[in-house]
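A.B. asks: We have chain F already, so just place chain B on it with the hints.
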Amino acid sequence: AQTVTQSQPEMSVQEAETVTLSCTYDTSESDYYLFWYKQPPSRQMILVIRQEAYKQQNATENRFSVNFQKAAKSFSLKISDSQLGDAAMYFCAYRTIIQGAQKLVFGQGTRLTINP
Amino acid sequence: DTAVSQTPKYLVTQMGNDKSIKCEQNLGHDTMYWYKQDSKKFLKIMFSYNNKELIINETVPNRFSPKSPDKAHLNLHINSLELGDSAVYFCASSQGPTWVFGPGTRLTVL
Numbered sequence: 001a002q003t004v005t006q007s008q009p010e011m012s013v014q015e016a017e018t019v020t021l022s023c024t025y026d027t028s029e030s031d032y033y034l035f036w037y038k039q040p041p042s043r044q045m046i047l048v049i050r051q052e053a054y055k056q057q058n059a060t061e062n063r064f065s066v067n068f069q070k071a072a073k074s075f076s077l078k079i080s081d082s083q084l085g086d087a088a089m090y091f092c093a094y095r096t097i098i099q100g101a102q103k104l105v106f107g108q109g110t111r112l113t114i115n116p
Numbered sequence: 117d118t119a120v121s122q123t124p125k126y127l128v129t130q131m132g133n134d135k136s137i138k139c140e141q142n143l144g145h146d147t148m149y150w151y152k153q154d155s156k157k158f159l160k161i162m163f164s165y166n167n168k169e170l171i172i173n174e175t176v177p178n179r180f181s182p183k184s185p186d187k188a189h190l191n192l193h194i195n196s197l198e199l200g201d202s203a204v205y206f207c208a209s210s211q212g213p214t215w216v217f218g219p220g221t222r223l224t225v226l
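From first to last, the protein sequence lines stand for chains F and B. Anchor point for the first sequence: position 77 equals 77 in our numbering, and the numbering is continuous, going up by one each time. Going from the second sequence to our numbering is simple: count from 1 and add 116.
The set of hints was computed from the structure by calculation and includes no laboratory data. Keep in mind that a hint or two might mislead.
[Claimed, not checked] In silico lysine-lysine, BS3-like type, Cα no more than 27 Å apart, as pairs:
no.	chain 1	residue 1	chain 2	residue 2
1	F	70	B	160
2	B	138	B	156
3	B	135	B	152
4	B	125	B	183
5	F	78	B	157
6	B	160	B	138
7	B	160	F	73
8	B	156	F	78
9	B	160	F	78
10	B	156	B	187
11	B	187	B	125
12	B	138	B	157
13	B	157	F	73
14	B	135	B	157
15	B	157	B	125
16	F	73	B	152
17	B	183	B	160
18	B	187	B	168
19	B	135	F	73
20	B	183	B	138
21	B	135	B	156
22	B	168	B	156
23	B	187	B	135
24	B	168	B	135
Bound conformation, chain F alone (with noise of 0.2 Å):
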């Protein structure tokens, strides 16, 4: 079965700073989408970025990017230039087909406090 692990319960950084969130995932498939949402205190789920498998390239989204390493199957998160508004649960997701069907396997979540 996937499983999507992210190692750091919590992670804080210093406003105007870089952070580094961390992912990885264990599956035999080949073609595959990976996500990361943003979760405020808002509870809503927000698309961060997405990232497809077959994809050499790595997903940037403004302030944020991938480090999508297909061969450690590692799917880490950066954030350049911290705002406040970044504190957040972050997850990371993994979109996995069984039997025709769809879903998303979320890891556990990190904590991201910014300082200011």
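C.D. replies: Structure of chain B alone, referenced to chain F:
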């Protein structure tokens, strides 16, 4: 326009009661889901429907019964509520690799 909406946003009830959570999406997505987020923030899929047909049913107690009257709606009915059912329940919809989550319903069982 809200893409995926859930009602209610908060639900406080006594043990043993029956309650329902409603979900609607206006994105035209074929697939809808219920996820449960426990007190440790872990998110786990409960059910998935594709065009009104149940396609994923994870190990969930029979007290939980989803219903999809049409492609745009997925409701969750919970019988005989227990303390352990307290959680945030998220509805989501997807089309291909695009997923959208609802705002969540915080259920508190006293």
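A.B. asks: Would you mind marking each hint as holding or not holding in the structure?
C.D. replies: Right, here's what the structure says about each hint:
{"no.": "1", "hint": "F:70 with B:160", "verdict": "holds, 24 Å"}
{"no.": "2", "hint": "B:138 with B:156", "verdict": "holds, 24 Å"}
{"no.": "3", "hint": "B:135 with B:152", "verdict": "holds, 15 Å"}
{"no.": "4", "hint": "B:125 with B:183", "verdict": "holds, 19 Å"}
{"no.": "5", "hint": "F:78 with B:157", "verdict": "holds, 22 Å"}
{"no.": "6", "hint": "B:160 with B:138", "verdict": "holds, 19 Å"}
{"no.": "7", "hint": "B:160 with F:73", "verdict": "holds, 21 Å"}
{"no.": "8", "hint": "B:156 with F:78", "verdict": "holds, 24 Å"}
{"no.": "9", "hint": "B:160 with F:78", "verdict": "holds, 25 Å"}
{"no.": "10", "hint": "B:156 with B:187", "verdict": "violated, 31 Å"}
{"no.": "11", "hint": "B:187 with B:125", "verdict": "holds, 22 Å"}
{"no.": "12", "hint": "B:138 with B:157", "verdict": "holds, 22 Å"}
{"no.": "13", "hint": "B:157 with F:73", "verdict": "holds, 23 Å"}
{"no.": "14", "hint": "B:135 with B:157", "verdict": "holds, 22 Å"}
{"no.": "15", "hint": "B:157 with B:125", "verdict": "holds, 17 Å"}
{"no.": "16", "hint": "F:73 with B:152", "verdict": "holds, 26 Å"}
{"no.": "17", "hint": "B:183 with B:160", "verdict": "holds, 19 Å"}
{"no.": "18", "hint": "B:187 with B:168", "verdict": "holds, 6 Å"}
{"no.": "19", "hint": "B:135 with F:73", "verdict": "violated, 41 Å"}
{"no.": "20", "hint": "B:183 with B:138", "verdict": "holds, 10 Å"}
{"no.": "21", "hint": "B:135 with B:156", "verdict": "holds, 23 Å"}
{"no.": "22", "hint": "B:168 with B:156", "verdict": "violated, 31 Å"}
{"no.": "23", "hint": "B:187 with B:135", "verdict": "holds, 22 Å"}
{"no.": "24", "hint": "B:168 with B:135", "verdict": "holds, 21 Å"}
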